[in-house]
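Novice: If you read the protein sequences in the order shown, they are chains U and P. With the working numbering, letter number 84 in the first sequence gets 84, and the count goes up by one each step, no holes. With the working numbering, letter number 243 in the second sequence gets 1243, and the count goes up by one each step, no holes.
Some clues are possibly wrong.
As the list claims (entries may be wrong) - Derived CB-CB ranges, DEER-like:
id : chain 1 : residue 1 : chain 2 : residue 2 : range
1  : U       : V145      : P       : I1046     : 42 to 50 Å
2  : P       : I1046     : U       : P112      : 23 to 31 Å
3  : P       : T1293     : U       : Q33       : 50 to 58 Å
4  : U       : P112      : P       : F1015     : 37 to 45 Å
5  : U       : G191      : P       : M1163     : 32 to 40 Å
6  : P       : M1163     : U       : T241      : 14 to 22 Å
7  : U       : S216      : P       : R1075     : 45 to 53 Å
8  : U       : T210      : P       : K1285     : 42 to 50 Å
9  : U       : A84       : P       : G1047     : 23 to 31 Å
10 : P       : W1131     : U       : P189      : 43 to 51 Å
Said to hold, decoys possible - Mimicking EDC-like on lysine to aspartate or glutamate, the simulated pairs with C-alpha atoms at most 20 Å apart in a straight line are:
id : chain 1 : residue 1 : chain 2 : residue 2
11 : U       : K217      : U       : D75
12 : U       : K83       : U       : E126
13 : U       : K217      : P       : D1111
14 : U       : K151      : P       : D1296
15 : P       : K1285     : P       : E1295
16 : U       : K83       : P       : D1289
17 : U       : K83       : P       : E1295
18 : U       : K83       : P       : E1009
19 : U       : K217      : P       : D1013
20 : U       : K140      : U       : E99
21 : U       : K151      : U       : E130
22 : P       : K1285     : P       : D1111
23 : U       : K151      : U       : E126
24 : U       : K83       : P       : D1013
25 : U       : K151      : P       : E1295
What the hints assert, rightly or not - Incomplete in silico selection of chain U near chain P, CB under 8 Å:
id : residue
26 : I205
27 : T211
28 : A253
In short, the hints are calculated from the structure, not lab data. None of the values given here were measured: they were computed from a predicted structure. By construction, the Cβ of each residue, glycine as well, lies at the ideal position given by its N, Cα and C atoms.
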Amino acid sequence: MSARLTLNLTRAGGGMAAVCLILFATAAPARAQALVADLSRHFVAITTGFTGAEVLLFGAVEGEGDVVVVVRGPDHRVVVHRKARILGVWVNAAQMTFEHVPSFYAVAASGPLAEIASETVRARHELGVEYLRLRLPPAKASPNVALEWRKGLVRNYQRLGLYPREPGTVTFLGNRLFRTRITLPANVPTGVYQVQTYLLRHGRIVSAQTTPLSVSKIGTEAVISDFARRQAPLYGLIAITVALVAGWIAHLAFRKA
Amino acid sequence: MQIYLPIAEMSVDVFLLLGMGGLIGFLSGAFGVGGGFLMTPLLIFIGIPPAVAVATGANQIVASSVSGVLAHWERGNVDVKMGLVLLIGGFCGSTSGIVLFSFLRGAGQIDLVISLSYVVFLGIIGLLMLWESVRSIRRRRVAAAQRRKLHQHTWVHGLPFKMRFRRSKLYISALLPIAIGFVVGALTAIMGVGGGFIMVPAMIYLLGMPTSVVVGTSLFQIIFVTANVTFLQAYANQTVDVILAILLLAGAVVGAQFGAKAGARLRGEQLRGLLAVLVLLVSAKLFFDLLATPEDLYVLGVTP
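With the sequences and hints as input, model every part of the structure.
Specialist: Below, the structure is given as structure tokens:
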């Protein structure tokens, strides 16, 4: 319960004011750096009541420029199936495996990405979902076929809410301070996320900073899913025992009624 | 109130799960069925991954079968010997079912096989039940029920390894119950059902067991088969969500009490007719889902 409370407080943006104070206090030594950014918290806990979370990213820049923030979940391997109609029934007819697919991917920028960053910069730093390097081995798929597959993959992740369709906005407060909200949905995968903040001038990156964000289950959820993975046979036996006891209790309750 | 399910890795409304458990419990109380065949599609419908739905369904059926069998046990309606013979087949069947499940899951065909199994088996059973109940309602109007032979002698009775089952008043080959147990065990693993809806007709029509011991014996062996499936799913696929199972169970216990009261008010044939319609509806829904053009041709598979 207390974990939720803290979560709500941070979500309400209470952290922002305090954080700005610290920023102003440390503004002098930071002058040499063109970009400073940090998160309102570096740890998102998935507890029983978890319905998603918001993390505040804030920072300051030195001089003019635009800010782009990329949040990337841990990479994993993904299998995609393509359906085809066989005898009137839709079945998974073909499959492809993508390596290194970010399990979460969100971008926020202080203006339209196409105007802020040049094509080459966007491609090199994977700014925008269309620039994600999701490649299939050329032996398996010709470029235009591969494009269809990757579009399909991205659509699926967008439906799951793991690749937000619309880029977020980075808001400037005055000329130097900026902030943006990172929204993590309830089905967010666990692991260490990389939050990359870029400062761009005239379409080129002049400064960058990476901040890790850890998302993990804590409390009962962590204990259960950990136990289910590490002690699978014992977990199975416990699941059976729980069911047996529950059934017996139900029988006793029935007999009374 | 949302609760995060640790294995399904998603958060679901607690009252939705309790309500679903209650609904299934109500139906199982009213109709005397396990309800697994409705529970698994419902869980998939609310977004639980099919593999988790199937495995957790099996876990929940362990509990509902225990509470069911104890009532039958007290009335002496369990043929333990027959149950054990069915179990030999059931263990082999459910174990091979899990192997097949893991293989199909890797090949990306598990959802299709789950749906097709539901369409085929629910369709057949639903039609048979509907026909049977319509016929008996009609017959009741025409004349009193004729006396039937205990069972007919067919090629089945020529099979070797004959055994005597006193409580079921049968002297038949053990191969037949083993084969039935095997098929139902495999279905339990793949469909996440207790298999009572196939086991019960098979016991009555194929084995010729007296109806009084059929339900008790079926429940008796379902406990062990679903326990085996729970264990193997937890071990091989890590897809059993205990929290989900407990919530469904809590709802089911309460629902079953109301269901039993409602069931007592309805007549047998009407009850069976209603259940048949319900079974056919689920089957038809899944069938149309298979035929309908999918929202997206590309779907995500499981990560190996």
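Novice: Going through the earlier hints one by one, which of them does the structure break, listed in rising order?
Specialist: 1, 2, 5, 6, 12, 13, 18, 24, 26, 27
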